[in-house]
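There are 2 protein chains.
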Amino acid sequence: MLASLLPALRGLSLPLRLQLWDGKAIDLGPAPSVTLAINDPEIVADLAHPSLDLLGAAYVEGRLDLDGPLDEVIRIGDELSRALGKDETAAPLPESHDKATDAEAISYHYDLSNDFYQLWLDRDMVYSCGYFETGTEDLDQAQQAKLRHLCRKLRLKPGERLLDVGCGWGGLARFAAREFGVEVLGITLSREQLKLGRERVAAEGLEGQVQLELMDYRDLPRDGQFDKVVSVGMFEHVGQANLPLYCRQLSEMVRPGGLVMNHGITSRHIDGRPVGHGAGEFIGRYVFPHGELPHLVKIGACISESGLEIVDVESLRLHYARTLDFWSRRLEANLDEARRLVPERALRIWRVYLAGCAYGFRHNWINLHQILATKPHEDGSHELPWSRADLYR
Amino acid sequence: MLASLLPALRGLSLPLRLQLWDGKAIDLGPAPSVTLAINDPEIVADLAHPSLDLLGAAYVEGRLDLDGPLDEVIRIGDELSRALGKDETAAPLPESHDKATDAEAISYHYDLSNDFYQLWLDRDMVYSCGYFETGTEDLDQAQQAKLRHLCRKLRLKPGERLLDVGCGWGGLARFAAREFGVEVLGITLSREQLKLGRERVAAEGLEGQVQLELMDYRDLPRDGQFDKVVSVGMFEHVGQANLPLYCRQLSEMVRPGGLVMNHGITSRHIDGRPVGHGAGEFIGRYVFPHGELPHLVKIGACISESGLEIVDVESLRLHYARTLDFWSRRLEANLDEARRLVPERALRIWRVYLAGCAYGFRHNWINLHQILATKPHEDGSHELPWSRADLYR
Chain S
792 MLASLLPALR
802 GLSLPLRLQL
812 WDGKAIDLGP
822 APSVTLAIND
832 PEIVADLAHP
842 SLDLLGAAYV
852 EGRLDLDGPL
862 DEVIRIGDEL
872 SRALGKDETA
882 APLPESHDKA
892 TDAEAISYHY
902 DLSNDFYQLW
912 LDRDMVYSCG
922 YFETGTEDLD
932 QAQQAKLRHL
942 CRKLRLKPGE
952 RLLDVGCGWG
962 GLARFAAREF
972 GVEVLGITLS
982 REQLKLGRER
992 VAAEGLEGQV
1002 QLELMDYRDL
1012 PRDGQFDKVV
1022 SVGMFEHVGQ
1032 ANLPLYCRQL
1042 SEMVRPGGLV
1052 MNHGITSRHI
1062 DGRPVGHGAG
1072 EFIGRYVFPH
1082 GELPHLVKIG
1092 ACISESGLEI
1102 VDVESLRLHY
1112 ARTLDFWSRR
1122 LEANLDEARR
1132 LVPERALRIW
1142 RVYLAGCAYG
1152 FRHNWINLHQ
1162 ILATKPHEDG
1172 SHELPWSRAD
1182 LYR
Chain B
792 MLASLLPALR
802 GLSLPLRLQL
812 WDGKAIDLGP
822 APSVTLAIND
832 PEIVADLAHP
842 SLDLLGAAYV
852 EGRLDLDGPL
862 DEVIRIGDEL
872 SRALGKDETA
882 APLPESHDKA
892 TDAEAISYHY
902 DLSNDFYQLW
912 LDRDMVYSCG
922 YFETGTEDLD
932 QAQQAKLRHL
942 CRKLRLKPGE
952 RLLDVGCGWG
962 GLARFAAREF
972 GVEVLGITLS
982 REQLKLGRER
992 VAAEGLEGQV
1002 QLELMDYRDL
1012 PRDGQFDKVV
1022 SVGMFEHVGQ
1032 ANLPLYCRQL
1042 SEMVRPGGLV
1052 MNHGITSRHI
1062 DGRPVGHGAG
1072 EFIGRYVFPH
1082 GELPHLVKIG
1092 ACISESGLEI
1102 VDVESLRLHY
1112 ARTLDFWSRR
1122 LEANLDEARR
1132 LVPERALRIW
1142 RVYLAGCAYG
1152 FRHNWINLHQ
1162 ILATKPHEDG
1172 SHELPWSRAD
1182 LYR
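Protein chains in written order, with my numbering: chain S, 792 to 1184; chain B, 792 to 1184.
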């Protein structure tokens, strides 16, 4: 089986060594930088038509082992899949998104281990795209800059009420309260995030300003009580079918004249057809169950139809690639410690997911858009300044 | 007929005087600021179910005369139409957009009279939304700032090749050549714009850098010869059916790594259903024949599907309201001169169109979006700076 594959594999001239179950090693190109150890001979059949999903799954399940820099591993996996993989054109099927399913999906990912996330996230545990104002910042600086960029876009003023939908460990909630003097309600479906989030609020003495709750976005009253609403890395979990409901919910929770910021990952194609052989399947199976990425114009349509007016959109695609580079490198530098915190299988998933998503953002398979919208007053007026210059002072 | 209408009209308590054909005057509310002179008794039937289209048409055709501040006229017309008009929910039918139809439609509006446009546009004759950085600028300042804002967003560098699709009288082309050192090809379908545009290029000695041509966007070669493409106030004329073609055209004329800016008027609703009783019909009939406004997400979808990546969107809705206030006030201050330049019927059309569109932008019936997109390199990289801070230095 392998023998019949070797001409095609060698034709790609990849810097890859195959380490076989019987001790033999085959170099597919000069100066291999990556070694793929095949523990299970049955995997060889998959190599005839590889995909990032097949390769990733084999690694997660221990049928393959990897040695070499992870970004190089991903690049080689992509080249293999593009050269030999089957064409995929079908968009994924819609996912179920009732409250129980969503709670379970969120728990699967975010309740993994607070200590594990602390190992490679920034000091404020901001688990979303950083903002590199010049490209020279470190991770802590980029995450603080991102929090400030969001607060500035929301034009937060002391005393305002901010809702943070999908608040994670509360990094943005605490930053907004501390630096901009607002009152924040943050909600999450992750018990682990809530626990550590509340501890950090208490440690900063912000209990009077920041309230964190375990709550589904559908359970919030639609009474326009918030001046501003922010949602970071959240609409990816909502599902295409629920996006209109989700946007109406945000729109009806903000007062007229208020602002809503949606920051999240968007798909490359409007119809959801995949980019990157099998990358999406791997993410859906192992990383973000029930996750669905809408295209910018799909989430934009739902925002518009909810009565909000889109006023500012910014792509931060390459910022997310760089953020994931930082996360991946920090995890790779702490693998021994990580093994003490999470099962080997989870570690394998997170390793390829972080390096793979960096690659996916860099290669324009997925994007990151910050979409700012206002809810205009009845007469069409709003409360935004004439220009965006205030964001850059 | 009128007697039976009066209770309903009086119930609105509008500051409106009806001056009848027989010399009688009826005040519908206290302290009338506007007088509507009914020259033709048959118009009274229309007042039972008024719309901005019916009222505007009656004024254009001389069956009504108006006296009073135009912004107040429009406000009263809107209140009448909302209170007594029929509900409209149907989206307008698609318009024809072959090359001959488009050329005729453009000529109808833009070939009206260069001298007339010079009467109320800024000194550079920029016939699109100005950019009020602080809200205190005059019209000339706002248009110069808009040209600079566009050039900055396009990150123009000396020696680059810029295509200006729908170049008007060449204000942007000359500005970009003079201030940013680029070479510009500008195309228009208006012979009058071309004539005066070329004179102004010559007067500034920019013939070596700026070339203006009478050309349809469909006739440009798709050879990626331009570093940057800009289109201002153009996609409103393209038509919904041709938007995908139009975007593919722009996408294929720009080199990989280049930028495309689409600046234009967008509709309130995605399905095109009207806002403002009959305002759209009036514009289509008298002002911009065959004009069609896409929603932001519709033009955004076409841009995305053409292979471009949307990186920056900015709404300038209230900037356009203010721009139109300036234009309308300047025209109102020069009515005698205007009457010497264009027929009375055209003057009536332009008077209510300018004041009416100011009202429409202010009340969120229509919007203005600047949509910047890049054509990424094969490997997903692009040439934009990390942040938008350079736009505000």
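Calculated directly from the structure, the hints in this document are not laboratory data.
Remember, it's a predicted structure, so these values are computed and weren't measured experimentally.
Positions of the beta carbon are idealized from the N, C-alpha and C atoms, including for glycine.
Hints should not be assumed to be uniformly reliable.
[As the list claims (entries may be wrong)] Covered stretches of chain B, as calculated for chain S (at least 3 residues, CB under 8 Å):
1. 899–906
2. 922–936
3. 1096–1103
4. 1132–1143
Hint by hint, which ones does the structure fall short of?
1 and 4
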